[in-house]
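Novice: When you get a sec, could you build the whole thing from the sequences and use the hints?
These are the residues of each chain, in order.
Protein chains: 2
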Amino acid sequence: MDHGDWIRKKFRRFSQTLGFHCLPLEEMENRLERVRGGMRKEGIEALLVVQKMDFYYLSGTSQDGLLFFPLEGKPLLMIRRELERARAESPLKDAVPLKSIRGVPSLIRKHRTKLPKSLGVELDVLPVREYSKFQELFPGIRWKDSSVVFREARKIKSPFEIDLIRKAGEIGGKVYEGGRKILKEGMTEIEFGGLLEAVAKRYGHEGLLRVRSLNYEAYTWHVLSGPSGGIVSQSDSPMGGLGLSPAFPVGASRRRMKAREPILVDFGTCYHGYQADETRMFSVGKLRKKFIDAYQACREIHDAVLEEVRPGADCEALFMKTLRLARRLGYGDSYLGPPGLQPRFVGHGIGLELNELPFIARGHSYPLEEGMTFAVEPKIVFPGEGAAGLENTVAVTKDGYEILTPVGQEIFEV
Amino acid sequence: MDHGDWIRKKFRRFSQTLGFHCLPLEEMENRLERVRGGMRKEGIEALLVVQKMDFYYLSGTSQDGLLFFPLEGKPLLMIRRELERARAESPLKDAVPLKSIRGVPSLIRKHRTKLPKSLGVELDVLPVREYSKFQELFPGIRWKDSSVVFREARKIKSPFEIDLIRKAGEIGGKVYEGGRKILKEGMTEIEFGGLLEAVAKRYGHEGLLRVRSLNYEAYTWHVLSGPSGGIVSQSDSPMGGLGLSPAFPVGASRRRMKAREPILVDFGTCYHGYQADETRMFSVGKLRKKFIDAYQACREIHDAVLEEVRPGADCEALFMKTLRLARRLGYGDSYLGPPGLQPRFVGHGIGLELNELPFIARGHSYPLEEGMTFAVEPKIVFPGEGAAGLENTVAVTKDGYEILTPVGQEIFEV
Numbered sequence: 010m011d012h013g014d015w016i017r018k019k020f021r022r023f024s025q026t027l028g029f030h031c032l033p034l035e036e037m038e039n040r041l042e043r044v045r046g047g048m049r050k051e052g053i054e055a056l057l058v059v060q061k062m063d064f065y066y067l068s069g070t071s072q073d074g075l076l077f078f079p080l081e082g083k084p085l086l087m088i089r090r091e092l093e094r095a096r097a098e099s100p101l102k103d104a105v106p107l108k109s110i111r112g113v114p115s116l117i118r119k120h121r122t123k124l125p126k127s128l129g130v131e132l133d134v135l136p137v138r139e140y141s142k143f144q145e146l147f148p149g150i151r152w153k154d155s156s157v158v159f160r161e162a163r164k165i166k167s168p169f170e171i172d173l174i175r176k177a178g179e180i181g182g183k184v185y186e187g188g189r190k191i192l193k194e195g196m197t198e199i200e201f202g203g204l205l206e207a208v209a210k211r212y213g214h215e216g217l218l219r220v221r222s223l224n225y226e227a228y229t230w231h232v233l234s235g236p237s238g239g240i241v242s243q244s245d246s247p248m249g250g251l252g253l254s255p256a257f258p259v260g261a262s263r264r265r266m267k268a269r270e271p272i273l274v275d276f277g278t279c280y281h282g283y284q285a286d287e288t289r290m291f292s293v294g295k296l297r298k299k300f301i302d303a304y305q306a307c308r309e310i311h312d313a314v315l316e317e318v319r320p321g322a323d324c325e326a327l328f329m330k331t332l333r334l335a336r337r338l339g340y341g342d343s344y345l346g347p348p349g350l351q352p353r354f355v356g357h358g359i360g361l362e363l364n365e366l367p368f369i370a371r372g373h374s375y376p377l378e379e380g381m382t383f384a385v386e387p388k389i390v391f392p393g394e395g396a397a398g399l400e401n402t403v404a405v406t407k408d409g410y411e412i413l414t415p416v417g418q419e420i421f422e423v
Numbered sequence: 010m011d012h013g014d015w016i017r018k019k020f021r022r023f024s025q026t027l028g029f030h031c032l033p034l035e036e037m038e039n040r041l042e043r044v045r046g047g048m049r050k051e052g053i054e055a056l057l058v059v060q061k062m063d064f065y066y067l068s069g070t071s072q073d074g075l076l077f078f079p080l081e082g083k084p085l086l087m088i089r090r091e092l093e094r095a096r097a098e099s100p101l102k103d104a105v106p107l108k109s110i111r112g113v114p115s116l117i118r119k120h121r122t123k124l125p126k127s128l129g130v131e132l133d134v135l136p137v138r139e140y141s142k143f144q145e146l147f148p149g150i151r152w153k154d155s156s157v158v159f160r161e162a163r164k165i166k167s168p169f170e171i172d173l174i175r176k177a178g179e180i181g182g183k184v185y186e187g188g189r190k191i192l193k194e195g196m197t198e199i200e201f202g203g204l205l206e207a208v209a210k211r212y213g214h215e216g217l218l219r220v221r222s223l224n225y226e227a228y229t230w231h232v233l234s235g236p237s238g239g240i241v242s243q244s245d246s247p248m249g250g251l252g253l254s255p256a257f258p259v260g261a262s263r264r265r266m267k268a269r270e271p272i273l274v275d276f277g278t279c280y281h282g283y284q285a286d287e288t289r290m291f292s293v294g295k296l297r298k299k300f301i302d303a304y305q306a307c308r309e310i311h312d313a314v315l316e317e318v319r320p321g322a323d324c325e326a327l328f329m330k331t332l333r334l335a336r337r338l339g340y341g342d343s344y345l346g347p348p349g350l351q352p353r354f355v356g357h358g359i360g361l362e363l364n365e366l367p368f369i370a371r372g373h374s375y376p377l378e379e380g381m382t383f384a385v386e387p388k389i390v391f392p393g394e395g396a397a398g399l400e401n402t403v404a405v406t407k408d409g410y411e412i413l414t415p416v417g418q419e420i421f422e423v
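So the protein sequences, as listed, match chains A and B. Per our numbering, the very first residue in the first sequence carries number 10; after that it's consecutive. Per our numbering, the very first residue in the second sequence carries number 10; after that it's consecutive.
Be a bit skeptical, because a hint or two may be false.
Same chains, same names: a pair is fine if it fits in one copy or spans any two.
[To be verified] Simulated pairs of lysine to aspartate or glutamate, EDC-like, Cα-Cα distance not exceeding 20 Å:
(1) K50 with E161
(2) K50 with E325
(3) K164 with E411
(4) K102 with E35
(5) K108 with E145
(6) K298 with D103
(7) K299 with D11
(8) K295 with E194
(9) K142 with D154
(10) K153 with E139
(11) K407 with E35
(12) K19 with E394
(13) K108 with D245
(14) K299 with D154
(15) K267 with D73
(16) K18 with E394
(17) K176 with D133
(18) K267 with E422
(19) K299 with E316
(20) K183 with D302
It is worth saying that the hints were derived from the structure and are not from the lab.
Specialist: Below is the structure:
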């Protein structure tokens, strides 16, 4: 059978019965309109969308290709691989084959209109070498950085997107509940992490977490026990753990977990591209008092943030409030990490990527808006001993918030 | 306890007892010398190393930072986070704190020498926005693309590196052997994949596979059963599978696996950053004859490649040989994918990344050299029905090859 025939005739039914859902047309049109708003504001006539998640956000497919999106007129999908599948996945009607990057200008002229005078492209991630090729292909065009357009458009989630994060959060709930049955004294961190991930995948977790960055990688399996939790690493977070090697110096290690020590599990899940991020504490037997107290402080800080979450609340002010509260609770030197190594945020926006707007952080003085989603993660770190912390992903609602990761917040003692 | 104190006093012992091994000084010096050779050839006076795996290759740490590496003189590690850990992990003696990218020129002047006239940086991956910042910081400097230097240096693996790939291959062996016990009729592809990964992690697989690309992501869990194996996707490989959603349209899906159908498992493992790639076939009960035959053809093609693997063999000629053999065996229209969708390679170099040199591919006419490592993966695809295939990672030896993924090559029938 011909592959294209199979995709045209069978793909839709085959995929839908397997819970593989395509983007609804109406949701896509709302996104296109949001992005058009940003293009007008930035004075960008047309976009060449190169980055996978921006491309997916607007087209509903992450097949390999480029999207040309003029302010006036319809978007054009140019697909390297696989064309028929992109047509089946995307509600965009127009998808044409892209044989070579050199063909992009003529595809645009043929299928759309004359070339625009200015073209936006995501300069925050586009490699120099690819940019140089584009510059040669479009002589005389004015290039603009479109990353701000996407960052702004994507920071407010639609009810459809929030529902996908809620579903990712439900998978996370199953992981943490499952963890109660899996955790045993003497098991290594990485074994526990692997088994938690197997639970997550069984329920549809997509396995990779995405970050918009050249070098920053997201690890799905932070399981940090005892002293592992006291180790800081490359990641801009309160602690990183030992990891498995200097090539992966973050997350679970081969350390065997012991009774009564803190076991911090920071686990991200992903459903249809949308991520939820969540942290809970486990212990085998009763946790040592020092860490119960630290955990209670994290809960208090977490609750103090949520108490003020609503449209209009200032993100930097929320962050500063947590610093004051941590000091008052006696954790000034351990809140968000050891002295000198504390990251400057307690919350990060989350959606298709783990580092979206808003940041609940120093230097981020702007208001929360309805539809924003972010993870709030107060943590307390004692080098040589361990870490305590709690994390939930929340959505800002009309007059407050909704927790999208609603599994129990007690310490999971087994 | 102070974090820096803990790292200086306890980290080495803590990490070594957990199988977290640092790069030996001698291995690092060999690598520096290899890269110096490339710098001389390309006329590059000094490198600013920005990409994580290039940075790790030369320094032995993947803490967040930049490496300045002058042709004359010692490399300088500039570390954003975490400095003490970079000092503990890297055999490089000099590591200095990097507060802001703006401080790079003065750090170089202070700790090394006057600024060079030309500076190499990896333009194949460096985002335009970061490059622009560097251009402002180093006015008047001539920038050169250093990616070729790394690609060439890293294409030949040392015995130390080959041993790490061998260890990754051993983990893969445990995964496939473990799969025999895990696979059950009616299990979903993603559940099977998750459980295989849990086995891999238990034995030290690091979970993420790395690819040098803006958008290309590697998925560790290709489990493709029956018609899933006949579906092509974005990835430049014979088939991609359905995946879990349009955001992850590759790899395992929620499809329940049935008896007698082909179940292709393509599983990459990673140990201390070094990857092995491997494919085997499973079936519940006896596999349908069509796929047994196709699998035998893949084995024949695989063996025909290996038969000629030795220093001096031409990569393109090896690829063309497989095309002729596939046609002779009656698989001209299904070898490496459906007509019109066939990738142009049957093998890819592998090491810290999945797309290194050499490529056993059309257009890659250059000789194999001792120390090269690559995966060879003949596959046969029938849209609507399924796929068959075999993959091993091999090292080129003085007069032949070594298979680094030596698990049994029979069909794993359960």
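Novice: All hints, please: hold or fail.
Specialist: How the hints compare with the structure:
In this homomeric assembly, K50 and E161 come within 20 Å of each other (Cα to Cα) only inside a single copy, at 11 Å, whereas the closest approach across copies is 45 Å. For the homomeric pair K50 and E325, neither the shortest alpha-carbon distance inside one copy (25 Å) nor that between copies (51 Å) is at most 20 Å. Only within a single protomer do K164 and E411 lie at most 20 Å apart by alpha-carbon distance; the minimum there is 16 Å, versus 51 Å between protomers. Taking CA atoms no more than 20 Å apart as the test, K102 paired with E35 passes inside one copy only; the shortest distance there is 13 Å, against 58 Å between copies.
For a Cα distance limit of 20 Å, the shortest separation of K108 from E145 inside one copy, 17 Å, qualifies, whereas the shortest one across copies, 36 Å, does not. Taking the shortest alpha-carbon separations for K298 and D103, neither the intra-copy value of 62 Å nor the inter-copy value of 41 Å comes in at or below 20 Å. For the identical chains of this complex, K299 and D11 are inter-copy neighbours only, at 17 Å across copies versus 65 Å inside a copy, given an alpha-carbon limit of 20 Å. In this assembly of identical chains, the alpha carbons of K295 and E194 lie at most 20 Å apart only when taken from the same copy (12 Å versus 41 Å across copies).
Proximity of K142 and D154 under a CA criterion of 20 Å is satisfied in both settings, with 16 Å inside one chain copy and 14 Å between copies. Within a single copy, K153 and E139 get their C-alpha atoms as close as 15 Å, and across copies as close as 15 Å, so both meet the 20 Å cut-off. In the homo-oligomer, the alpha carbons of K407 and E35 never lie at most 20 Å apart, since the shortest distance is 22 Å inside one protomer and 61 Å across protomers. In this homomeric assembly, K19 and E394 come within 20 Å of each other (Cα to Cα) only across copies, at 12 Å, whereas the closest approach inside a single copy is 56 Å.
Within a single copy, K108 and D245 get their C-alpha atoms only as close as 40 Å, which misses the 20 Å cut-off; across copies the closest is 13 Å, which meets it. Neither within a single protomer nor between protomers do K299 and D154 lie at most 20 Å apart by alpha-carbon distance, with minima of 49 Å and 52 Å respectively. In this assembly of identical chains, the alpha carbons of K267 and D73 never lie at most 20 Å apart, being 46 Å within a copy and 31 Å across copies at closest. Taking the closest pair of Cα atoms, K18 and E394 come within 20 Å of each other only across two copies (14 Å); inside a single copy the shortest separation is 59 Å, beyond that limit.
Taking CA atoms no more than 20 Å apart as the test, K176 paired with D133 passes in neither setting, with 30 Å inside one copy and 37 Å between copies. Taking identical chains as interchangeable, the C-alpha atoms of K267 and E422 lie at most 20 Å apart only when both belong to the same chain, with a minimum of 13 Å there against 39 Å between chains. When the C-alpha separation of K299 and E316 is checked against a cutoff of 20 Å, the pair qualifies neither within a copy, at 26 Å, nor between copies, at 63 Å. When the C-alpha separation of K183 and D302 is checked against a cutoff of 20 Å, the pair qualifies neither within a copy, at 26 Å, nor between copies, at 42 Å.
The structure fails hints 2, 6, 11, 14, 15, 17, 19 and 20 (numbered hints given earlier, in ascending order).
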